[in-house]
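Undergrad: The lines below spell out each chain.
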Amino acid sequence: MIHIENLKKYYGAFPAVDGISFDVARGEILGFLGPNGAGKTTTMKVITGYYPPTGGVVTVDGLDVVENSLETRQMIGYLPESNPLYHDLTVLEYLELIAELRQIPKERRHARIKEMAAITGILDRLGQPISQLSKGYRQRVGLAQAMLHDPKLLILDEPTIGLDPNQIVEIRSLIKEIGREKTVILSTHILPEVQATCDRVVIIHHGKLVADGTPEELQAKFVGQPVVDLEVRGEGADDLDAWRGVRGVEKVERLKNLELEEVHLRLFLSQGTDARAELFHLCVEKGWTLLGLNRQIQSLEDIFHQLTQIDPAREAEEAAA
Amino acid sequence: MNWSIVSAVYRKEIKSYFGSPMAYIVLAVFLLISGWFFTLNLFKENLAHLRSIFDILPFLLVIFAPAISMRLVSEERKSGTMELLMTMPVRDFEVIFGKFLAAFVLFAVGLAFTLVYVVTLLMLGKPEIGPIVAGYIGLLLCGGAYLAIGVLGSALTENQIVAFILSFLISGILAVFVFSAMVIPPPLADLVQYLSTTYHFQNIARGVIDSRDVIYYLSVIFLSLLYASRALAQRKFL
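Here the protein sequences come in this chain order: D and H. For the first sequence, this note's numbering begins at 1 and goes up steadily by one. For the second sequence, this note's numbering begins at 1001 and goes up steadily by one.
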């Protein structure tokens, strides 16, 4: 559905997007991740035809976004990050204007507006001026706007920003619902959002692509050292040497020392081992009470953190040194 | 050019104009000042003509036209709605033209109120109708040129005040070019004068509508709007 090849966008001499390439398949929900200023919004602005790219090719459904801009723009529904709205219009007037600009046939306009208003839950707000709506409702109006012309591709730039937890859950399930039929690109830096909604993840950092795959693939690819957290009560359980003796344990760290001889420990294991059975047997042997045994799985958050920690300027300095 | 897009943009702008106090304030001040110039010499001279208004309005519009047009593009750029608009399947020129039309209609409405003076003249005496009709056509063309320059000024910046000053300066320079004969040697003065908005208005206001004058105004309008849509397409602003 979308093909991005070596996309570059410079603001003056500053490379906001510096040669990224990826594809998005039809019907996929793609999580587009990166820290603030990584180039997510710029990439989306190029796909939607707002900014011309400095270099590279972007096609939507086989059509170039620069050459066939009008056609590709018609295929895309877009919710910009700032969710700009005409505050002096009512919700209905606003959606009517969008329907006209989107060239939805006159006889279908009202049915379509009603339908989208129902899906986004703003039916009872249609007559209200946008300036009087709360942030959550404005976000829904923005979503209704983006979906009004039944686009093949939906591009949402941080759609849940500023919403309360209930609304976030609602909007997420709405996006999932939409994603059954449509291709969705969802930009965010809220990681649970990605795990909850996306089929695939692309992470960019300083304008470059640093990871591309399903959340599971990324987890498999970027496994760090296996870690086990342990909560034990018993005499002598705070003797770290006892734990170091277990096969596979490389390092032990005390997290918390509680009263009643209760300890919280973090055990770092050697790659590819799972020492949980041995740890359990040790407790049984020593007569300690095992209160908690928890293997830490590398979360998307850790991967994201790991990949976007690198500062290219510092890296270059180090390389020079 | 897709006229349904032009019409959608036009109607949205008209709604914004008449939904905000700004348009009414500009219209009221415009009528107040033009009314003052109308009555200034009317009874003193005791002549039934609109020359006092036609002499001053092409200069007054240099201030009023940018006041109407300054928000058209700048405001949307600042609030971010321009991004929304430009990611719709619309051409840059369709957006610019729709906005220009809305400003032009607001101006025409303001001008229509001054027809009261014509009615007054008709009641008091026997004015010559030819120059009055020609004068109004000239004012529409001249105002249209200023508004198109105003749209260009507005497309160049996201700051409405900067947009106002830019358009005021360009229109003002074109307006005072009519006095070029006083400061510039003859052959060059003719050329500079030909670029003047007020010079062509004076030609028309005499009662003769020459195609050269009409073509001049239409060219100014077309070129300004063309450059405005170019500025919009480049997404670069001052």
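Some hints could be false.
Taking CB as the label site, the calculated pair distances span [claimed, not checked]:
1) A1112/H - H87/D: 57 to 67 Å
2) A13/D - I1165/H: 53 to 63 Å
3) S1020/H - A220/D: 50 to 60 Å
4) L63/D - A1028/H: 26 to 36 Å
Listed below are the simulated SDA-like cross-link pairs for lysine to any residue, each with C-alpha atoms no more than 25 Å apart in a straight line [claimed, not checked]:
5) K1078/H - N36/D
6) K135/D - P105/D
7) K1078/H - H264/D
8) K176/D - H206/D
9) K1078/H - K221/D
10) K135/D - S82/D
11) K208/D - L89/D
12) K135/D - S1079/H
13) K114/D - G136/D
14) K182/D - P151/D
15) K1078/H - K208/D
16) K1015/H - L89/D
17) K135/D - K208/D
18) K1015/H - P129/D
19) K208/D - D18/D
20) K1015/H - S82/D
21) K286/D - H305/D
22) K1015/H - I1025/H
23) K1078/H - K182/D
24) K1044/H - V1116/H
25) K1078/H - F14/D
26) K106/D - I1025/H
27) K208/D - Y10/D
28) K1078/H - S173/D
Read the hints as simulated data drawn from the structure, not as lab findings. C-beta: ideal position from N, C-alpha, C; glycine also.
Undergrad: All the hints need checking, so say for each whether the structure fits it.
TA: Consistency of the hints with the structure:
One distance hint, 57 to 67 Å for the beta-carbon pair A1112/H and H87/D, is violated here, with the actual separation near 30 Å. The hint said 53 to 63 Å for the Cβ distance between A13/D and I1165/H, and at roughly 30 Å that hint is violated. The given range of 50 to 60 Å is respected by S1020/H and A220/D, whose C-beta atoms sit roughly 58 Å from each other. Against the hinted window of 26 to 36 Å, the Cβ-Cβ separation of L63/D and A1028/H comes to about 50 Å, which falls outside the hint.
Between the alpha carbons of K1078/H and N36/D the distance comes to roughly 21 Å, so the proposed pair stays at or under 25 Å and holds. Taking the CA atoms of K135/D and P105/D, the gap is near 30 Å; set against the 25 Å cutoff, the hint is violated. Between K1078/H and H264/D the alpha-carbon distance is near 54 Å, which puts this suggested pair outside the 25 Å criterion. Of the pairs offered as hints, the one joining K176/D and H206/D is violated, with about 29 Å between alpha carbons and a cut-off of 25 Å exceeded.
A distance of roughly 43 Å separates the Cα atoms of K1078/H and K221/D; the hinted pair therefore is violated under the 25 Å criterion. Taking the CA atoms of K135/D and S82/D, the gap is about 11 Å. The hint holds against a cut of 25 Å. With a CA separation close to 40 Å, the supplied pair K208/D and L89/D exceeds the 25 Å bound. Restraint check: the Cα-Cα separation between K135/D and S1079/H comes to about 16 Å, which is no more than 25 Å; the hinted pair holds.
For a cut-off of 25 Å, the pair hint linking K114/D to G136/D stands: about 19 Å separates their Cα positions. Simply put, K182/D and P151/D have alpha-carbon atoms about 8 Å apart, close enough for the 25 Å limit, and the pair holds. For the hint linking K1078/H to K208/D, the alpha-carbon distance of about 29 Å lies beyond 25 Å, and the restraint is violated. Restraint check for K1015/H and L89/D: satisfied, since their Cα atoms lie roughly 8 Å apart, inside the 25 Å limit.
The hinted pair formed by K135/D and K208/D fails the criterion: a straight-line CA distance of about 32 Å is larger than 25 Å. With a C-alpha separation of about 13 Å, the suggested pairing of K1015/H with P129/D holds against the 25 Å cut-off. Restraint check: the Cα-Cα separation between K208/D and D18/D comes to about 6 Å, which is no more than 25 Å; the hinted pair holds. A distance of roughly 24 Å separates the Cα atoms of K1015/H and S82/D; the hinted pair therefore holds under the 25 Å criterion.
Between the alpha carbons of K286/D and H305/D the distance comes to roughly 39 Å, so the proposed pair goes past 25 Å and is violated. Between the alpha carbons of K1015/H and I1025/H the distance comes to roughly 16 Å, so the proposed pair stays at or under 25 Å and holds. Simply put, K1078/H and K182/D have alpha-carbon atoms about 32 Å apart, too far for the 25 Å limit, and the pair is violated. With a C-alpha separation of about 19 Å, the suggested pairing of K1044/H with V1116/H holds against the 25 Å cut-off.
For the given pair, K1078/H sits about 23 Å from F14/D by alpha-carbon distance, which is consistent with the 25 Å threshold. A threshold of 25 Å between alpha carbons decides the hint, and for K106/D with I1025/H the separation of about 36 Å lies outside it, so the pair is violated. In summary, the hint linking K208/D to Y10/D is supported, as the alpha carbons are separated by about 13 Å, within the 25 Å threshold. Distance check on the hinted pair: K1078/H and S173/D sit about 32 Å apart at the alpha-carbon level, beyond 25 Å; violated.
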